[in-house]
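A.B. asks: Protein sequences, first through last, are from chains A and B. Each residue of the first sequence is one higher than the one before, starting from 1 at the first, in this note's numbering. Each residue of the second sequence is one higher than the one before, starting from 1 at the first, in this note's numbering.
Some hints could be false.
[Said to hold, decoys possible] Listed next, with one range per pair, are the computed distances between beta-carbon atoms:
#1 B/ALA165 to A/THR406: 56 to 62 angstroms
#2 B/LYS202 to A/ARG89: 38 to 44 angstroms
#3 A/GLY117 to B/VAL467: 42 to 48 angstroms
#4 B/ALA290 to A/ALA471: 18 to 24 angstroms
#5 A/LYS273 to B/THR406: 39 to 45 angstroms
Don't read these hints as lab results, they were simulated from the structure. From the three backbone atoms N, C-alpha and C, an ideal C-beta is built for every residue, glycine too.
Chain by chain, the residues:
There are 2 protein chains.
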Amino acid sequence: MSMSGASRGTGRRTGSGAERLVVIGGDAAGMSAASQARRMKGPDELEIVAFERGHFTSYSACGIPYWVGGDVTERDQLIARTPEEHRARDIDLRMRTEVTEIDVGRGRVRARDVDSGAESWTSYDKLVIATGARPIRPDLPGADAPGVHGVQTLDDGQALLDTLARTRGRRAVVVGAGYIGVEMAEALINRGYEVTVVNRGKEPMSTLDPDMGRLVHEAMEGLGITMVNDAEVTKLLTGDDGRVRAVVTDDAEYPADVVVLGIGVRPETGLAKAAGLPLGNHGGLLTDLAMRVRGQQNVWAGGDCVEVLDLVSGQERHIALGTHANKHGQVIGTNAGGGYATFPGVVGTAVSKVCDLEIARTGLREKDALRVGLQFESVTIESTSRAGYYPDASPMTVKMLAERRTGRLLGVQIVGREGAGKRVDIAAVALTAGMTVEQMTALDLGYAPPFSPVWDPVLVAARKAAVKVRAS
Amino acid sequence: MSMSGASRGTGRRTGSGAERLVVIGGDAAGMSAASQARRMKGPDELEIVAFERGHFTSYSACGIPYWVGGDVTERDQLIARTPEEHRARDIDLRMRTEVTEIDVGRGRVRARDVDSGAESWTSYDKLVIATGARPIRPDLPGADAPGVHGVQTLDDGQALLDTLARTRGRRAVVVGAGYIGVEMAEALINRGYEVTVVNRGKEPMSTLDPDMGRLVHEAMEGLGITMVNDAEVTKLLTGDDGRVRAVVTDDAEYPADVVVLGIGVRPETGLAKAAGLPLGNHGGLLTDLAMRVRGQQNVWAGGDCVEVLDLVSGQERHIALGTHANKHGQVIGTNAGGGYATFPGVVGTAVSKVCDLEIARTGLREKDALRVGLQFESVTIESTSRAGYYPDASPMTVKMLAERRTGRLLGVQIVGREGAGKRVDIAAVALTAGMTVEQMTALDLGYAPPFSPVWDPVLVAARKAAVKVRAS
Numbered sequence: 001m002s003m004s005g006a007s008r009g010t011g012r013r014t015g016s017g018a019e020r021l022v023v024i025g026g027d028a029a030g031m032s033a034a035s036q037a038r039r040m041k042g043p044d045e046l047e048i049v050a051f052e053r054g055h056f057t058s059y060s061a062c063g064i065p066y067w068v069g070g071d072v073t074e075r076d077q078l079i080a081r082t083p084e085e086h087r088a089r090d091i092d093l094r095m096r097t098e099v100t101e102i103d104v105g106r107g108r109v110r111a112r113d114v115d116s117g118a119e120s121w122t123s124y125d126k127l128v129i130a131t132g133a134r135p136i137r138p139d140l141p142g143a144d145a146p147g148v149h150g151v152q153t154l155d156d157g158q159a160l161l162d163t164l165a166r167t168r169g170r171r172a173v174v175v176g177a178g179y180i181g182v183e184m185a186e187a188l189i190n191r192g193y194e195v196t197v198v199n200r201g202k203e204p205m206s207t208l209d210p211d212m213g214r215l216v217h218e219a220m221e222g223l224g225i226t227m228v229n230d231a232e233v234t235k236l237l238t239g240d241d242g243r244v245r246a247v248v249t250d251d252a253e254y255p256a257d258v259v260v261l262g263i264g265v266r267p268e269t270g271l272a273k274a275a276g277l278p279l280g281n282h283g284g285l286l287t288d289l290a291m292r293v294r295g296q297q298n299v300w301a302g303g304d305c306v307e308v309l310d311l312v313s314g315q316e317r318h319i320a321l322g323t324h325a326n327k328h329g330q331v332i333g334t335n336a337g338g339g340y341a342t343f344p345g346v347v348g349t350a351v352s353k354v355c356d357l358e359i360a361r362t363g364l365r366e367k368d369a370l371r372v373g374l375q376f377e378s379v380t381i382e383s384t385s386r387a388g389y390y391p392d393a394s395p396m397t398v399k400m401l402a403e404r405r406t407g408r409l410l411g412v413q414i415v416g417r418e419g420a421g422k423r424v425d426i427a428a429v430a431l432t433a434g435m436t437v438e439q440m441t442a443l444d445l446g447y448a449p450p451f452s453p454v455w456d457p458v459l460v461a462a463r464k465a466a467v468k469v470r471a472s
Numbered sequence: 001m002s003m004s005g006a007s008r009g010t011g012r013r014t015g016s017g018a019e020r021l022v023v024i025g026g027d028a029a030g031m032s033a034a035s036q037a038r039r040m041k042g043p044d045e046l047e048i049v050a051f052e053r054g055h056f057t058s059y060s061a062c063g064i065p066y067w068v069g070g071d072v073t074e075r076d077q078l079i080a081r082t083p084e085e086h087r088a089r090d091i092d093l094r095m096r097t098e099v100t101e102i103d104v105g106r107g108r109v110r111a112r113d114v115d116s117g118a119e120s121w122t123s124y125d126k127l128v129i130a131t132g133a134r135p136i137r138p139d140l141p142g143a144d145a146p147g148v149h150g151v152q153t154l155d156d157g158q159a160l161l162d163t164l165a166r167t168r169g170r171r172a173v174v175v176g177a178g179y180i181g182v183e184m185a186e187a188l189i190n191r192g193y194e195v196t197v198v199n200r201g202k203e204p205m206s207t208l209d210p211d212m213g214r215l216v217h218e219a220m221e222g223l224g225i226t227m228v229n230d231a232e233v234t235k236l237l238t239g240d241d242g243r244v245r246a247v248v249t250d251d252a253e254y255p256a257d258v259v260v261l262g263i264g265v266r267p268e269t270g271l272a273k274a275a276g277l278p279l280g281n282h283g284g285l286l287t288d289l290a291m292r293v294r295g296q297q298n299v300w301a302g303g304d305c306v307e308v309l310d311l312v313s314g315q316e317r318h319i320a321l322g323t324h325a326n327k328h329g330q331v332i333g334t335n336a337g338g339g340y341a342t343f344p345g346v347v348g349t350a351v352s353k354v355c356d357l358e359i360a361r362t363g364l365r366e367k368d369a370l371r372v373g374l375q376f377e378s379v380t381i382e383s384t385s386r387a388g389y390y391p392d393a394s395p396m397t398v399k400m401l402a403e404r405r406t407g408r409l410l411g412v413q414i415v416g417r418e419g420a421g422k423r424v425d426i427a428a429v430a431l432t433a434g435m436t437v438e439q440m441t442a443l444d445l446g447y448a449p450p451f452s453p454v455w456d457p458v459l460v461a462a463r464k465a466a467v468k469v470r471a472s
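Generate the whole structure from the sequences, applying the supplied hints.
C.D. replies: Pasting the structure below:
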């Protein structure tokens, strides 16, 4: 075990006035934290060292499906800030350097140069863990064959694009029908593929209730996508060339020239676990509201590697989403820089689209509510994005859950076309404020015929929910 | 004075079990109230008589600019419910019948058949006043000339369309640059006219602060509309044929083949005033939170003829907007039908568009805040509707006002393209909930690259405002 940190100037410098902040992970949460800490304190007061094992920093993983689909033409458009830009702000960024151990007791991390294999320890006064998430890769025969791709990193995206460029066949199978799955289905449709989505759930988009997922299913079929539900993938078949040629489920076989895995992610917390830091039921690090790892004074964590408090259910959950990671980074950087900020929690808002279909949700699904002991009334309404007489008014379905008796809003799901997705923000703010559906019926929302019917679809749902709550 | 009400069966029927509800005004507020009261109580319990002086019921006045502009092809598309449909629900609707007096002491109204001139009294147990608003018509020479049009009613819209069909010249002048003015500018551009907007204000859209109005000014000029600010119209000139030919201001003359007046409206409360009912500083009826006219037990009022409580300033204001009228009607009908409902007030949300320019506001402008004694911090930010790398990401300017010290959100104004307008709903809900801008920075809003940058523009503004508040 090397102790050569001093050779790179990273030993604890007693007598120096500057503290050292070490950041593990160079994407959204980590580099937002580093940047914000730098805004709070200059290099004379705070040295910042950041380790990133990959080739890129601060990129939009959420943008990868649109790059693969061709809406975004250049990989570098997805990069918000390059290593050079970070270094120009006095952040000592070590690329292709993987942290292999956190020694909380002695306040140091061990890092390995990915290319040379050389290891060294770096001491810290303050530590930020932003190790992200890793995609779930099924332990299936053939899952590592050429032609099978994840889409978690920019490298993954490039590899998939390389495969698409090489592949003559036009049959694509997407395994998984969550956000990544449906967005990749759109990307491959845009690239001219025949797309089959194979999904173990009853309906696509298991982040929605099945009745709303059904609407997504039907709309995706309307786009020419073959949707296979209730299907467990058992293996991937390869051809004589070793490349993937089919996806096999319990009862069928789907020919594939390319396979995309979009099964979801898990918190990347191996290092944290080995260091004895507290993990929650979903495998993510547990923090306090200032994003400090519980039980630690000088260790923060944020982004896809932590669990967050769901303000509606009152319980922790894991959500890998760039917007949360950026907020975490902002809070961590403020605190690590000597200021004060908190991240109060989430309400579980998410939006997505497949071609012109918009899908949104916030708060609890029916099964989430039941799991935490909440009884509720549920309503579903049909309305339109604009006044019914206005051109391009498109249908929209809104489902709303409200707590029995109290009438507190518990969740909203929306499926529709243009104007459907971001309407969920109305409910996201109302959830945050703890509003009842009765209160929501009086919300003063923007109205003009090109923007909304005279009763916004969310208000129509609130009115119907309020009637049911009164009778509950 | 005729007392012949009995001849139409409208005298007070002592001994009958049914109460009588009389509604004055057959548009949004009045007919929503009538319909909701009918849902609450059947005809055996509640007789409902509604008077409408015009030809139409329950139509979307907000839709008239889109009908004139050709986006809506048929007048009847704007009619939500016809007189026959109301009558089929056991509402005794008297069209072309104008109420000329309210006798609160004796619980009766006098109505006149517009065509025959015959008058009669109708007694009521409960009364709803929904007399709407009347457009401001300048007392100017030439203002009544052929070719000069308001756009308040369906009849107005038809008259304007008839003029457009007859007129060979292509020069249109719109007087006024509020919502109606800018929407009519779009309508006339869509009809192929050269459009000049003459506006007495410093910038168009005086419902925005002038710095944001400036953005509207520039965008409208970019659409080829001639914008004239700081201009007081002094007269309208007519030609030999008696038709309008020019609009004259203090220092210029604008040739016009057609003139549209979009100067705003005032509450239509002559009847209410004559009956001794309480009016506010803006000329609208004053009600309690159940929409009952103050001091009255069995008289309600709603829609464009009332003042509403502004929840941000704590003072009454007048807002003529269909969405409020519908909510008022719902509340009034519930209460008049023996139930319970309230209208808590407004936060002043409004959206509009001119071609692809979207304009939105909620809460207080700078001058509103100053008028009610609020000190504030103001920030303006530029962002985009989608992730910057996503196709069709369009620029958006967000201005945000927050109270000094408390940081309470006071108002938001947004000018941009697609996706700008309805974003104001985020702020509308936050205002209703009394959130601070610091709290808003943590809002869990929908994020995906086609819908928003990773920090939604409203959050970017909230972050900047929070920084200023901390320093205030």
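A.B. asks: All hints, please: hold or fail.
C.D. replies: Against the structure, the hints come out as follows:
no.: 1; hint: B/ALA165 to A/THR406: 56 to 62 angstroms; result: holds (57 angstroms)
no.: 2; hint: B/LYS202 to A/ARG89: 38 to 44 angstroms; result: holds (41 angstroms)
no.: 3; hint: A/GLY117 to B/VAL467: 42 to 48 angstroms; result: holds (45 angstroms)
no.: 4; hint: B/ALA290 to A/ALA471: 18 to 24 angstroms; result: holds (21 angstroms)
no.: 5; hint: A/LYS273 to B/THR406: 39 to 45 angstroms; result: holds (43 angstroms)
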